[in-house]
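**Q** Here's the letter readout for the chains.
Protein chains: 4
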Amino acid sequence: MTVLQMTADELQQFLARDFGQVAEDFTVERADGAGLCLRLRVADRHLRPGGTVSGPAMFGLADVAMYLAILARIGPVALAVTTNCSIDFMRKPVAGRDLLAEARVLKLGRVLAVGDVLIFSEGEGQPVARAGLTYSIPPK
Amino acid sequence: MTVLQMTADELQQFLARDFGQVAEDFTVERADGAGLCLRLRVADRHLRPGGTVSGPAMFGLADVAMYLAILARIGPVALAVTTNCSIDFMRKPVAGRDLLAEARVLKLGRVLAVGDVLIFSEGEGQPVARAGLTYSIPPK
Amino acid sequence: MTVLQMTADELQQFLARDFGQVAEDFTVERADGAGLCLRLRVADRHLRPGGTVSGPAMFGLADVAMYLAILARIGPVALAVTTNCSIDFMRKPVAGRDLLAEARVLKLGRVLAVGDVLIFSEGEGQPVARAGLTYSIPPK
Amino acid sequence: MTVLQMTADELQQFLARDFGQVAEDFTVERADGAGLCLRLRVADRHLRPGGTVSGPAMFGLADVAMYLAILARIGPVALAVTTNCSIDFMRKPVAGRDLLAEARVLKLGRVLAVGDVLIFSEGEGQPVARAGLTYSIPPK
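Just so you know, the protein sequences line up as chains A, B, C and D, in that order.
For the first sequence, the UniProt record's numbering assigns the number 1 to the initial residue and increments by one for each residue that follows.
For the second sequence, the UniProt record's numbering assigns the number 1 to the initial residue and increments by one for each residue that follows.
For the third sequence, the UniProt record's numbering assigns the number 1 to the initial residue and increments by one for each residue that follows.
For the fourth sequence, the UniProt record's numbering assigns the number 1 to the initial residue and increments by one for each residue that follows.
Quick caveat, the hints were computed from the structure, so don't treat them as lab data.
Everything numeric in this text was worked out from a predicted model, so none of it was measured.
Hints should not be assumed to be uniformly reliable.
With a straight-line cut-off of 30 Å between C-alpha atoms, the simulated DSSO-like cross-links for lysine-lysine are [what the hints assert, rightly or not]:
1) B/K92 <-> D/K107
2) D/K92 <-> B/K107
3) A/K107 <-> D/K107
4) A/K92 <-> B/K107
5) C/K92 <-> A/K107
6) C/K107 <-> D/K107
7) A/K92 <-> C/K107
8) D/K92 <-> C/K107
9) C/K92 <-> D/K107
10) B/K107 <-> C/K107
11) A/K107 <-> B/K107
12) A/K107 <-> B/K92
Where chain D lies over chain B, by a calculated footprint (3+ residues, C-beta under 8 Å) [said to hold, decoys possible]:
13) 50-57
14) 87-100
Covered, in the sense of this in silico footprint (three residues per stretch, anywhere, with C-beta under 8 Å from a C-beta of chain C), are these stretches of chain D [said to hold, decoys possible]:
15) 86-94
16) 101-114
Heads up, the beta-carbon is just placed ideally off N, CA and C, and yes, glycines get one too.
Starting from the given sequences, assemble the full structure and let the hints guide the process.
**A** What follows is the structure, given as structure tokens:
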């Protein structure tokens, strides 16, 4: 069974303390053995012309979601670094809606962690994007 | 609801007829609305020194699994072409076991189809590899 | 020989007109048959704690560089959409330096364009990141 | 300046000794500071219906080319393992021609090596595929 080292609340507090400038963009909706759900509270600064969420904002959402999903498993001590992200943009996000990222950790190794993320417009069943991500975990 | 155009049996027959040389490597275990499960019947020609399944054999399994998952949805008329595959190798496959690929279609558009695949050693709960794949669907 | 439809100046004007909010981040340094060089004028909003450029900012740089490299080839009429990006983060950017992205178009097809990007801290010979990107080109 | 630990001949002998079953598929054409060129000697077993080289054969070519490019730099002692490959298939290979892979190492770190590969049909200027690959380098 997967034991978590940090709750959703603790992850949110970690974000606020260590990532002050982006923490207000994100809300940790859920963290459990199945993975983590992170909300992007969509604001004007995330939008491209036309009103849809920009690629970099979706990339950032996937990246932070997986980062927190790993921290939930290993605790706040280590500083994991993104080494690879392969992201597919599949549909246009629905205008005026928040995005929800569902992240799951598929491997938590000694030096690498691997997982994937599905991103949805809130209330929609079809994902707008998917990503696979790898993190390097520094030695203690 | 997802309606399938081809059953697991029809997909297996399609493989045998159109991909004679590799068809004997693969068994379609399941095809339904949730996706497709494809077995790689591991033989000596799939192994690397040391006895584990080679990277190209796992890549081929992911590729054929997604290809069949798309055909199950659009029927055998179209000739989809792989345009991108991003694959993560996470664990060593268990020696002497078949591999099972679980493929799901995340987007089926007019010109592109996108999906992902998890590969397991039979009987194991932790995936050995994951892949995201994109196919180009030619105009009719 | 590759004929360009837009010069570096025209691409810069296009950015300013159609991407007002991010245009000031970027300077088109060069556009020719070999590809395109785009500068990220690094500012506080691009930084993570510790002072290095954030992953989303590097993703955005790669994405805009490839977008402009494609437009240079097909002209400003079409609206290309990013469908996939696989990015490797290899080194920490040098603090206090701009980033330069070297983008090249490897395929310009009827419906898909594919290229890759190397990102450097200005003045350094070793890349901080590399990316492969695919764009969908809508029918005229 | 990049110093190589192994010449093209030594890499070829390494292949023959440690990868007996696939060694006859490949010829190391060149290994120098700029990278490595590996030839896939195309045979019937590499072809898909229609006579073009299969995706798994191209994946295998990219994978072995990068593996050898890394060994050329670190010597034959270490056993590098592929952790990620993102490959774009861009054009159909020319029937009846060998494929040539041009691999370059972009990062050679303590635990990870990253590089990319372009694959060409011999005699053609436009690549048929490109790949970015990451290898994990085990501790000594």
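**Q** For a C-alpha distance cap of 30 Å, please report whether B/K92 and D/K107 respect it.
**A** 24 Å, holds
**Q** Go check the region 87-100 of chain B versus chain D for me, would you? Three or more residues, Cβ under 8 Å, otherwise it fails.
**A** holds (count 4)
**Q** Quick check: do three or more residues in the region 50-57 of chain B have a beta carbon closer than 8 Å to a beta carbon of chain D?
**A** holds (count 4)
**Q** Would you mind confirming whether the straight-line C-alpha gap from D/K92 to C/K107 stays at or under 30 Å?
**A** Holds: D/K92 and C/K107 sit about 12 Å apart, inside 30 Å.
**Q** Quickly compare the C-alpha distance for A/K107 and D/K107 to 30 Å and report which way the hint goes.
**A** 23 Å, holds
**Q** Can you confirm whether chain C covers the region 86-94 of chain D, using C-beta to C-beta distances below 8 Å and requiring at least three such residues?
**A** holds (count 4)
**Q** Holds or violated: A/K92 and B/K107, Cα atoms, limit 30 Å.
**A** OK: A/K92 and B/K107 at ~12 Å, within 30 Å.
**Q** Holds or violated: are the alpha carbons of C/K107 and D/K107 at most 30 Å from each other?
**A** Holds: C/K107 and D/K107 sit about 25 Å apart, inside 30 Å.
**Q** Is it true that the CA of A/K107 sits at most 30 Å from the CA of B/K107?
**A** Holds - the C-alpha atoms of B/K107 and A/K107 are around 25 Å apart, at most 30 Å.
**Q** Next pair to validate is C/K92 with D/K107; report whether the Cα-Cα distance is within 30 Å.
**A** 12 Å, holds
**Q** Mind taking a look at whether chain C covers the region 101-114 of chain D? Criterion is 3 or more residues with CB to CB distance under 8 Å.
**A** Per the Cβ count (4), the hint holds.
**Q** Is the straight-line distance between the alpha-carbon of D/K92 and that of B/K107 30 Å or less?
**A** 24 Å, holds
Comparing the model with each numbered hint stated earlier shows that all of them hold.
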